[in-house]
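Enquirer: Spelled out from the first residue to the last, the chains are:
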Amino acid sequence: MTTGKIALLLVDAVGRHGQLQAVKSLSLSIAENEVVALIGANGAGKTTLMRMLAGLHPLAEGRLALFGNDVTALPAHDRVKAGIVLSPEGRRLFGDMTVRENLMIAAENGRRGDWTVATACDAFPQIVPLLDRPAGGLSGGQRQAVAIARALVANPSVLLLDEVSLGLSPAAVDGVYQSLAALRGRMTMVVVEQDLTRAMSFAERLICMAEGVLELDGNPAVLTREEITNAYFGIHKTTGASHA
Amino acid sequence: MTKTPLLGMASADRRLIWLAASALAVLAILPAFGSALAVDKLTYLFILIMFATMWNLLAGYAGLVSVGQQAFVGLGGYAMVRMVDAGLPPFPAIFIAALCTGVVAWAMSWFVLRMKAGEFAIATWVIAEAIRAMVSFDPIIQGETGTSITALNAYAPEMRRLTIYLLALATTALMVWGSWKLLQGRTGAEAQAIRDDEEAAASVGISTFQVKQRIYILASIGCAVAGTLWLASAITFQPRTGFGVQWSVFMLFMVLVGGIGTFIGPILGALLFFALQEIFGDFGAWYLAGVGIVAILFALYLPRGIVGLWLDKGRDEPLTMRKRLGI
Amino acid sequence: MLEALIQGILLGGYYAVLAAGLSLMFGVVRFINLAHGDMAVLGAMIALWFVQGVGLSVSLAIAVTLPAMAALGWLMQRLIFERALRGGFLIPILTTIGLGAALQNGMFGLFGSETKSLGAHIGGLSWASWELPGGIFLGQLPVYMFLTAIVVLGTLHLVLTRTAFGRAVRATATDADAAALCGIDARRVHRGAAAIAVALAGLAGIFLALRAQVTPFAGPMLLIFAFEAVVIGGIGSLRGTLLGGIALGVAQALGGLISPQFSILAGHVVFLTVLGWRMSQVAAADRGGWRSAYAALILKHKTAGGKR
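In order, the protein sequence lines correspond to chains A, B and C. Going from the first sequence to my numbering is simple: count from 1 and add 8. Going from the second sequence to my numbering is simple: count from 1 and add 631. Going from the third sequence to my numbering is simple: count from 1 and add 9.
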């Protein structure tokens, strides 16, 4: 399904919160149109990594390249224009603006491309009746749909989705993943997902983080549950270098 | 075994304290030799040091950036005018007036200390303006014209000058020493904890309101003493000068340039401000415009002031509070 | 009494323009510009210089001054405020106080201390008035200024609600990170907002020069008035700012019936009362019980009206 071109290349990246290293010298390469699920326990550094990719959190060390271009120094808004778009944890919709305005903002300031407010509405028909409602009053599932649509209208080549199903009803999660499945082959996706079964069925590559390092990286069809559980709790590789 | 407080200090700090003590002694006998002009100028310098030290307590330690300290300068002056008018001798009146000002600060604190930082800065200023307007209603003040403290003319000029000088010297020494004691003690530790992280301080049981209130009232009394001494040396009281926002601007400048939140910084700032005024003061408005530009440059490029520059060179902060408080 | 009320309302338009810039800076850039009043005086001084020094007509001078002020605001944001903002809340206060001192004394050095007015350059308009039934005289200039204020604030409202720039401004003010994730450059938005804010200050300064006099040291008082209008009206909504300006104008006009000094004091008192009342609501909400329920009702009502 992937083209073989490298979409994202992260080399020796370090992310700090004050003294604490949340991401420890992490290297990662993601191919164009690859669909990756990022899992890990709370505090494993997933959100920090996503924010580093999006440009909201600085890389203390290391480099990040997008299709071969170094984007390490680009601030978040310029990375959007380069094609990296993050839908953050908690959705972060502009609550006192209408859904339409939320979408327009991303359309006006993101990249030009196939995705417009109209095409996003085609892909997410459930948001059409909400367009003129303030985004603050929506349900969890509606908010997630709007958040993904908002990310899409910025025309990303790499779509980053943090905590996709957090706080959603099972039915809403189904809906979100159906919509996401339709995006396969059109863009690179990195999805942070707490639900392991969901992550394994959706992604073609599974990455597990623990204490700021990559514990596991592989094809979910091949990996065993036990391997994943061990990686999740950082059981077998906690000797030596991972404790700085 | 008796332990002197100087033991356990850095030797540089000990030297500084001896230096300060000898300077105090020299300054105390200076009027016997110095000219009247020198005495007046030094009086003004002492007043500046008091202002800077008090404002530093507020902004540097309690995190209260007040643009309204002129309220207490003016109020102290007004209270003195009223008391002298009622027959009190002028010199005790200075201090009684300052204490009355402290009562007003106590009353105000219930209101202003609950505000957020930006609101606090502006509201204290507006309150100063409101008090000025109310004070100028008092017929004795004659509106914006102001009034003279004629009772002071009963003293011979030399006598008056000398008394104000010695009072200013003594109160300056007292305030510098007092703020040292205050910051070394429990209040200082609590204030720094609040400044660093107010929520964390509150969660370990520090009453942030009480600490701020204590410092606010003390700093207000201090500003009132300094301001009233200045008005006594000028003999006249005008609402526009007494309640002028320039007092707060001067305080802010001295503390910022010297080094906010350090013990020695405000004193250095006051000395520098005094020197600038002596050298460039004749340029009038252009000098004050320059002061404004220097303030901008310090705020943007050297926000920790001269002491910060000193620290950046890897030297210890003179008379630091941080080490002593275990921070 | 009625005449004073009308004058107060008309004065409110001027205060609202003065306050709108301050409110915009505070709401969008989260920056308290204590030199805002001095910027207004600067605008008046520049317009005066164009009229008296260059010989332009008043309207032409206004047309030149406002873009110049906007450019100045952009530059201030770019060169000074952006850097100051990185230093927490203390550094902006220190910086803009310094800026105020520099502006006041610089203008004093350049233009002298005498009061100046544009009133002499607009012919009979300074004193022309309409007579209303009941023997009330309505000054034409205040009415025109009030209408201009409404048009300016209305246009600003439309820009903020209907344009891409306005959406970017509101998005940045609400959640700067989320705005950045939509591709918005917060620094550009901030510079745009600062340009508008300083141009508004300049317009307010010109209003003042038209209806009265300006001196280089008038700025701090203008800042206080602007703040009072913002706090009375509530931060973040232009309609609130207009109402706050009108409330301040009316308070001052009614206070002025007693004595000139009482006029300004009345404004201060209204401001402090509103501020205290609002704080008591917040405190009550923290305290729980019936007070909190009552406060929640009022605060909810408030936040529903304007954006937070």
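Hint data in this document are derived by calculation from the structure and do not stem from the laboratory. Even glycine gets a Cβ: it sits at the ideal position worked out from N, Cα and C. Heads up, a few of these hints could be off.
[As the list claims (entries may be wrong)] In silico EDC-like cross-links for lysine to aspartate or glutamate, where the CA-CA straight-line distance does not exceed 20 Å:
id, chain 1, residue 1, chain 2, residue 2
1, A, Lys89, C, Asp194
2, A, Lys89, A, Asp20
3, A, Lys89, C, Asp186
[Claimed, not checked] Cβ pair distances, simulated, as ranges:
id, chain 1, residue 1, chain 2, residue 2, range
4, A, Ile243, B, Ser642, 51 to 61 Å
5, B, Tyr932, C, Gln61, 29 to 39 Å
6, B, Arg645, C, Trp286, 46 to 56 Å
Enquirer: Evaluate each hint against the coordinates.
Expert: Status of the hints after comparison with the structure:
A hinted pair counts as satisfied when its Cα atoms are at most 20 Å apart, and Lys89(A) with Asp194(C) qualifies at roughly 11 Å. Restraint check for Lys89(A) and Asp20(A): not satisfied, since their Cα atoms lie roughly 24 Å apart, outside the 20 Å limit. Simply put, Lys89(A) and Asp186(C) have alpha-carbon atoms about 15 Å apart, close enough for the 20 Å limit, and the pair holds. Here the CB-CB span from Ile243(A) to Ser642(B) is close to 55 Å, well matched to the stated 51 to 61 Å.
For the hinted restraint 29 to 39 Å between Tyr932(B) and Gln61(C), the CB-CB distance of approximately 37 Å keeps it satisfied. The supplied range of 46 to 56 Å is met by Arg645(B) and Trp286(C), whose beta-carbon atoms lie about 54 Å from each other.
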